[in-house]
Amino acid sequence: LICCYRKPKTKRAKRFLEKREPKLNENTKNAMLIKGGNANLTVTEVLKDIYAVKKPFAVLYKRKNITRPFEDQTSLEFFSKKSDCSLFLFGSHNKKRPNNLIIGRMFDYHVLDMIELGVEKFVALKDIKNSKCPEGTKPMLIFAGDVFDVNEEYRRLKSLLIDFFRGPTVPNIRLAGLEYVLHFTAVDGKIYMRSYKVLLKKSGCKIPRIELEEMGPSLDLVMRRTHLASDDLYKLSLKQPKGLKPKKKKNISHDALGTTYGRIHMQKQDLSKLQTRKMKGLKKRPAEKSAQDDGATPKKSKSA
Amino acid sequence: MAAVRVEAMLAAAEEQEAEKRRSITVEKELELEYDLGNLLAVDRNPPPAAALRGAGPRREALLRALARDNTQLLVSRLWELPAERAGGAGGPLVAQLPEPTFRLPREKPAPKPRPPTRWEQFARLKGIRRKKKTSLVWDEQAKEWRRRWGYRRAGGDPSRAWLAEVPAGADPEEDQFARLRREKRERVARNELNRLRNLARAHRAGSAVPAAPLHPTGHQDRDELRRVARVARVSTASLGRFQPRLPKEPAEPPSRSGGKKRRFQPLLGNLAAERSRQLELLRDMGSKKPVLDITRAVNKQLRQEEAEAAAANKGKKQSKRGKRGRRQQRPGRSGKKSGARRQPQQQKPAGGGRRK
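Protein sequences appear in the order of chains A and B. Position 80, counted from 1, in the first sequence is what full-length UniProt numbering calls 80; the numbers after and before it change by one each time, with no gaps. Position 277, counted from 1, in the second sequence is what full-length UniProt numbering calls 277; the numbers after and before it change by one each time, with no gaps.
Bear in mind the hints are in silico, worked out from the structure with no lab data behind them. Backbone N, C-alpha and C fix where the C-beta goes; we use that ideal spot for every residue, glycine too. Fair warning: there could be bad hints in the mix.
[Unchecked claim] Incomplete in silico selection of chain A near chain B, CB under 8 Å:
| # | residue |
| --- | --- |
| 1 | D108 |
| 2 | V198 |
| 3 | R209 |
| 4 | L212 |
[Claimed, not checked] Derived CB-CB ranges, DEER-like:
| # | chain 1 | residue 1 | chain 2 | residue 2 | range |
| --- | --- | --- | --- | --- | --- |
| 5 | A | D232 | B | A51 | 36 to 44 Å |
| 6 | B | Y34 | A | K129 | 29 to 37 Å |
| 7 | A | D232 | B | A273 | 50 to 58 Å |
| 8 | A | N38 | B | A51 | 30 to 38 Å |
| 9 | A | A13 | B | S238 | 56 to 64 Å |
| 10 | B | Y151 | A | H110 | 39 to 47 Å |
[As the list claims (entries may be wrong)] To spell it out: a stretch of chain B is covered by chain A in this simulated footprint if at least three of its residues, at any positions, have a beta carbon under 8 Å from a beta carbon of chain A; those stretches are:
| # | stretch |
| --- | --- |
| 11 | 60-67 |
| 12 | 92-101 |
Please work from the sequences and hints to get the whole structure.
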């Protein structure tokens, strides 16, 4: 492969390539938002709003691309390779499938899953007049509805949506900065996506009371076609390398109540040489000790 | 009357307090499932389908109420996490998130360690380890520390070397500068060729290229061609026994076993040979002193030493002497045998050689 035998000549190029190579701990997934050959206003607005939500980790392509993802995936894979994006959202519109959105993800620059959703109602960010939360806020994700666990396609959709809107994985989070929540409800064959701004109000105790204010894009979606990866390919993509598993500390165990137990391994003890409480009265006087050694009966002496 | 009003006010205040305390509790049939690492909550309760069917503000209000309840539960969980004040006493309250538990597919497959190059294999076999070199070298002429190679290296710029000695056995008419330039070019070319070969080998090992095509493609290397030639020879009616060989091609004995590695002696064969073999076996087993296979013992010892040294040097720097120094200093082992990592010679009969 060209990438193998042509070495980068500058440090910048080397850093660029290192960012894109497969790693143990991966980068945050980028999303590419593409317009189809016949995208209409609604779909364009949807793409713009989703771009605003996913701001630093998304690329919005301005031009229209005449492709059909369900028939031919090479164009998408080419884009994914060029821009190093593993999530995509493709919007198009025609008479048979109005306001169509295809949401999908890639594994190793090949399409893994694709789900086609139809937008039935859309309220844009600019239509709701109130204050928005800052760009790049990590959203809280809530899925309501038992369909998300029962139906296989809905389960994959849930996994896709989490992957899409998750954002970077962080070790700490500022509790006052939990401002954005995306709520997905699956009811009656429809999926309602609503975004709210979270207001933390004073309550009697430490945990604040939540009030929600409708903020961001809200979509009413209906599931159309799907192109899901085969089970073994999906399992392969889920496989985590061994280096990621945390090293188990030996001889430490935890029980359900939160107590930590440790194990100490001891050598076999010589019980005759055990250090117990000293009873001065029972201490053998040197004369008695020698007498005992000779075989005479020991005399018990009381302390003076 | 004033008392009644005060009582009413107190009652109202108490009700307000109770209201506040109730306000963060949410009643749900089924508990939500939380993945705090992803800030994710999953609600398995079936939503009120009938109520949500009618379009309009009622539906929005219902969805909002549902969202508020779920968010309240999630935020309660998040506020229960161990938190601390970042940046001193006045800083923001920061909670430590656990690892995300929801399994999501990776973006790219896990990186595979690349196979060792030809030199690395050889070095591992011989027990050669990398000597850590200092980045600066003392230059006597300039009387300062200079780089080992690169800009302003110790020993001056090689391209401006104005003197090239004619070596002892060389032709006096030969242009030494041209020779040096040519040799450098050759070295660079050989290096590049080896690097590409290593890359090709690594690439082939990774991608599991299927069986070699039987016609020459021009991109095959020595081993592949040998393999292909052997396959072609054997694919005759008499399994390659009467095929003419090239003048320097070694004669390959026909492997009648058909690829089996272990072959047993026939049951009814040479009785005398069998008897002698069994007696030797018994003698070796009955002897008090263990039968020693020198080569094998030496190899085992070397490997053990290597493993110990690797374990000891994990955190520390390597000792300068390294493997070679230690090996040379040990008496009683000749240089020949200590380097003997080849297959054990057939000195012992089959029975004795198999024992460890």
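Worksheet entry | Given hint V198 (chain A) near chain B, where the shortest CB pair must fall under 8 Å | holds, 6 Å
Worksheet item: Do the beta carbons of A13 (chain A) and S238 (chain B) sit within 56 to 64 Å of each other?
Response: Between A13 (chain A) and S238 (chain B), where Cβ atoms are some 58 Å apart, the hint holds.
Worksheet item: Holds or violated: 36 to 44 Å for the Cβ distance of D232 (chain A) and A51 (chain B)?
Response: Given a distance of about 42 Å, which is inside 36 to 44 Å, the answer is holds.
Fill in: Per-residue hint verdict: L212 (chain A), partner chain B, C-beta under 8 Å
Constraint on L212 (chain A) satisfied, holds at 5 Å.
Worksheet entry | 39 to 47 Å as the expected CB spacing between H110 (chain A) and Y151 (chain B), which holds or is violated | holds, 45 Å
Item to complete: Tell me if chain A covers the stretch 60-67 of chain B under the three-residue, 8 Å CB rule, please?
Response: Satisfied; 5 residues make the cut.
Discussion item. At least three residues with a C-beta closer than 8 Å to a C-beta of chain A: is that true for the stretch 92-101 of chain B?
Written reply: holds (count 7)
Item to complete: Would you settle whether the hint for R209 (chain A) is holds or violated, based on the nearest Cβ-Cβ distance to chain B being less than 8 Å?
Response: OK, holds: R209 (chain A) within 8 Å of chain B, min 5 Å.
Discussion item. Assuming the hint says 30 to 38 Å, is it satisfied by the Cβ distance from N38 (chain A) to A51 (chain B) or not?
Written reply: Hint holds: Cβ distance 37 Å, inside 30 to 38 Å.
Worksheet item: When you take the CB atoms of Y34 (chain B) and K129 (chain A), is the distance between them in 29 to 37 Å?
Response: Because 33 Å falls inside the window, the suggested range holds.
Worksheet item: Minimum Cβ distance from D108 (chain A) to chain B below 8 Å?
Response: holds, 5 Å
Discussion item. Looking only at beta-carbon atoms, does the pair D232 (chain A), A273 (chain B) fall within the given range of 50 to 58 Å?
Written reply: With Cβ atoms ~55 Å apart, the hint holds.
Every hint from the earlier list agrees with this structure, and none is contradicted.
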